[in-house]
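A.B. asks: Model the placement of chain B on the given structure of chain A, informed by the hints.
Each protein sequence line maps, in turn, to chains A and B. Sequential numbering of the first sequence, starting at 446, is according to the working numbering. Sequential numbering of the second sequence, starting at 7, is according to the working numbering.
For the record, the hints were derived by calculation from the structure and aren't laboratory data. Warning: the hint list may mix true and false statements.
[To be verified] Straight-line distance between alpha carbons at most 25 Å, and here's what the computed BS3-like set of lysine-lysine pairs gives:
id : chain 1 : residue 1 : chain 2 : residue 2
1  : A       : 592       : A       : 448
2  : B       : 10        : A       : 657
3  : A       : 656       : B       : 10
4  : A       : 657       : A       : 645
Listed below, chain by chain, are the residues.
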Amino acid sequence: MAKHISHESRIQNLDYALSWTFLSEKEKNYAYYMSKASWAGALVTLHQISYESPLIWCIFQAYFADKNFDELEASAMQGVEGLTADDWSKFIAYVGGFYGNLSNYHSFGHMKFIPEVSPAKFWAILGSHPKAGQQDSLIQYVLTNFKSHVEQEVFAYDGPYKQINYPHEGGITAYFSRNMTPDDHSAVSEFLLSAEAIAKGLDILNTRAFKKSEN
Amino acid sequence: MEFKGKTYEIQFGEFARYLQEMNNYLEMALPYVANDT
Chain A
446 MAKHISHESR IQNLDYALSW TFLSEKEKNY AYYMSKASWA GALVTLHQIS
496 YESPLIWCIF QAYFADKNFD ELEASAMQGV EGLTADDWSK FIAYVGGFYG
546 NLSNYHSFGH MKFIPEVSPA KFWAILGSHP KAGQQDSLIQ YVLTNFKSHV
596 EQEVFAYDGP YKQINYPHEG GITAYFSRNM TPDDHSAVSE FLLSAEAIAK
646 GLDILNTRAF KKSEN
Chain B
7 MEFKGKTYEI QFGEFARYLQ EMNNYLEMAL PYVANDT
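Okay, chain A solo, but in the shape it has when bound (with noise of 0.2 Å):
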């Protein structure tokens, strides 16, 4: 799995609108609303995959917030000392890929992507926002309270970020606290497939444990 987005790769909007007028009102109706519940679903996705996804994922959205694209691209053209179009193009394509995958992960193979930008170069375009230096705009609050809690783990490369695994064989996850040793995920695997656990409604798939204490 690549180490970052190709920024050659394309992304262009959908189009559909021929497409929709084809379908009956029942039809549209159905689409738009199984479009909407997939959407509120998939945010879910953001928590299970890496601690940092859901911060991530809250900065970008502010970022493109007001759909300005050719506002942010020319903003961040100006404000950003030494940025290029090639940069711009590897900061899109990082983001691109992170909306595609809803996460820093490759949904395919679990390998970690990162900017193929500076993290200097990164922070400063998204503090380049046009809002960025307003008091109560949504890009400033995010990355007043939200960018120190991430920006090292947007970059970091090295084990055990590279990878969603169990902590014990290399990798890291969401489902599991990093203080877990192997026997802890065995005794919090035999408690959820427990008659106990199942009778509370617990399911192992869909279960995060974090570890408080050693009993």
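C.D. replies: Leaving out everything else, chain B in the frame of chain A:
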């Protein structure tokens, strides 16, 4: 709850807000499904 010498503190509903919204939209889609409900 206790299980084999370990204490498990169980919390439900971590993603409830997302799933509530998802369920709301699924209910709104229900009148438009093609198959019998």
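A.B. asks: Take the hints in turn and mark each one as holding or not.
C.D. replies: For each hint, the structure was consulted:
As the CA atoms of residue 592 of chain A and residue 448 of chain A are separated by approximately 22 Å, the hinted pair is consistent with the 25 Å bound. The straight-line distance between the Cα atoms of residue 10 of chain B and residue 657 of chain A is roughly 17 Å, inside the 25 Å bound, and the hint therefore holds. Restraint check for residue 656 of chain A and residue 10 of chain B: satisfied, since their Cα atoms lie roughly 16 Å apart, inside the 25 Å limit. At most 25 Å may separate the alpha-carbon atoms for a hinted pair to count; residue 657 of chain A and residue 645 of chain A meet this at roughly 21 Å.
The structure is consistent with each of the numbered hints, conforming to all of them.
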